[in-house]
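Colleague: Just so you know, the protein sequences line up as chains U and D, in that order. Per UniProt numbering, residue 1 is the first one in the first sequence, and the count goes up by one each step. Per UniProt numbering, residue 1 is the first one in the second sequence, and the count goes up by one each step.
Hint data in this document are derived by calculation from the structure and do not stem from the laboratory. The structure displayed is predicted, hence computed values, not measured ones. Virtual Cβ for every residue (Gly too), placed ideally from N, Cα, C. A few of these clues could be false.
[Said to hold, decoys possible] Quick look at which bits of chain U chain D covers, simulated, 3 or more residues with Cβ under 8 Å: (1) 29-35; (2) 110-118; (3) 127-134; (4) 160-170; (5) 253-262; (6) 267-276.
[Said to hold, decoys possible] Derived contacts from chain D toward chain U, CB cut-off under 10 Å, selection only: (7) 40; (8) 106; (9) 228.
What follows is each chain in one-letter form.
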Amino acid sequence: MRNRALTDLVLAGPAALVVILFIFLPVAVVFVLAFTDYQVGARSANWIGIENFATLFGSRQGRNALLNTVVYAGIVIPASVGLGLLVAMGLHRLTDILPRLSAVLRTVYFLPVAATLVAMAVSWQMLLHPSLGLINTWMSVLGLAPQQWLSDRGLVLYTLAAIGIWQSVGYNMVLFLAGLATIPTALYDAAAVDGADRGWSRFWTVTWPMLGPTTLFVVIVTAVNAFRVFETVATMTKGGPAFASDTIVYALYREGFVYFKAGYASAITVVFFLALLLLTALQIMLVERRVHYR
Amino acid sequence: MRLGAVISLGLIALGAVMVLLPFVWLVSVSLKPHAEIFTTEVALLPTRPTLANYWTALTETDIPRYLLNGAIVTGSILVLQLAVTVPAAYAMAHRRFPGRRLMFGAVVAALLVPFHVTAIPIFLGFAQLRLLDTYAALILPFMASAFGLFLLRQAFSQIPAELIDAARVDGMSEMGIAWRIAFPLGMPTVIAFAIFSVTAHWNDLFWPLIATTDPGLATPPRGILFFRDQESGDDVGPLMAGATLITVPLILGFLLAQKRFTQGLANTGLKK
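Pulled out of the complex, with its shape left as it was, chain U reads as follows (with noise of 0.2 Å):
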């Protein structure tokens, strides 16, 4: 008996405790410190309370680095998921026409996903470089006035919604992809009987509703990637100018590891962490729903 319990604590034993020393301790912790004023380095700490929460929705630099993510967010999600899902109807389609082409197509899209995304952000940068940047250029053989993609205020923000799109569109479209390949020819014939028999209202009557776990699933998934969004901003930007492409994850860091507001920075991972549960615990109540009422 004493030898079965030595077994599994061989097996089993180092995986809890890494998973507690490296995942559970450190949540308890980050949770204890958001009520803290510690700083890295210092010899002692006090309790404030919920002041560093208070700074963070009450000031002028955390209620902006909140707002963008929301903006960052409700450009990425809704404009990524809905090209994820065109490409993928373009490709299921295509996949019966033109196989070969279909492949390379969504090989293409893919690539963003796979890419180191800093190194892509440095092309992208030079891209969108004021003087030596290629989009510039064309944008002048159109006719259009050049411009600050990164350095104008009014504009980093949706330079980098863009790019976040870019980024994800290929993951979404392979989960449709996916989602489009579970739909039985069966119910499109079935449509077709009562007259949903193209464009739209196949889709509308056949394509859509069938689609919706795997919908919820790519909201959920580019929501949740939307407000990590970090490697860009760090690349490009570091939340400037002004703070203007500030963003929840880039303050944690600045916060955090420039300044060395430890307790700061962990009332914006609170939050974080909060926000991202809260997703998650719709996904899960939105699941439930849809499966009491079949």
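Based on the hints, put chain D in the right spot on chain U.
Modeller: Just chain D now, kept in the frame of chain U:
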């Protein structure tokens, strides 16, 4: 309908060109001679392509070092993750020990925790232990992979219990069963997890930015930012060559093993 198909194909192809643009631009600028980069007549493709920027990137910068660091860090992370995960996933799937359900519940709960959430305490702990600015700092936190535990436990559960019992009758040790029966039988899942793990850690910027300041320890994304921030804006060619070099390994892997890659990255949905 025909016309509709042609239009939708046209739009998808146009979209694909836009998706490819930064890739083409990256390679194109990396092949341009200095004079073609710093010109007012910017062109998509180089007129006199040269490999000079690659030569500079490989001989005069730390790019090879960053690539080596990337291989060391991602390789060590994967080996440690598997060393910890495979026996535990086997135990959760095929052994009845007290706390087994609690452990699986804890793994599922841990899945909900993005790495960002644990960064501050781990940083503070490593600072106490004087581990910052070491390879260990870059590697150790990722030993705990709730995702790997979850995925492998699900895969190992598919293995019939009779097979495991037969191995026990043959006198195989439990650790032996985990590595010589469960591990090879779960190989497709192991590979999907390996692709996910290597991609995630090769591409990660967040933790290397926090855990290291020494350029000698920089992983590829961290390194490319060191390179960019050092140069005065005059080394765009070698910078783009370097960025190409750090992107090539994963893209090559993706093109060669597309199906597995797509599975590894797509099925692993929520945990990026």
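Colleague: Are the hints correct? Go through all of them and say.
Modeller: Quick rundown of the hints versus the structure:
no., hint, result
1, 29-35, "holds (count 3)"
2, 110-118, "holds (count 9)"
3, 127-134, "holds (count 5)"
4, 160-170, "holds (count 3)"
5, 253-262, "holds (count 4)"
6, 267-276, "holds (count 4)"
7, 40, "holds (7 Å)"
8, 106, "holds (7 Å)"
9, 228, "holds (7 Å)"
The earlier numbered hints are all upheld by this structure, with none contradicted.
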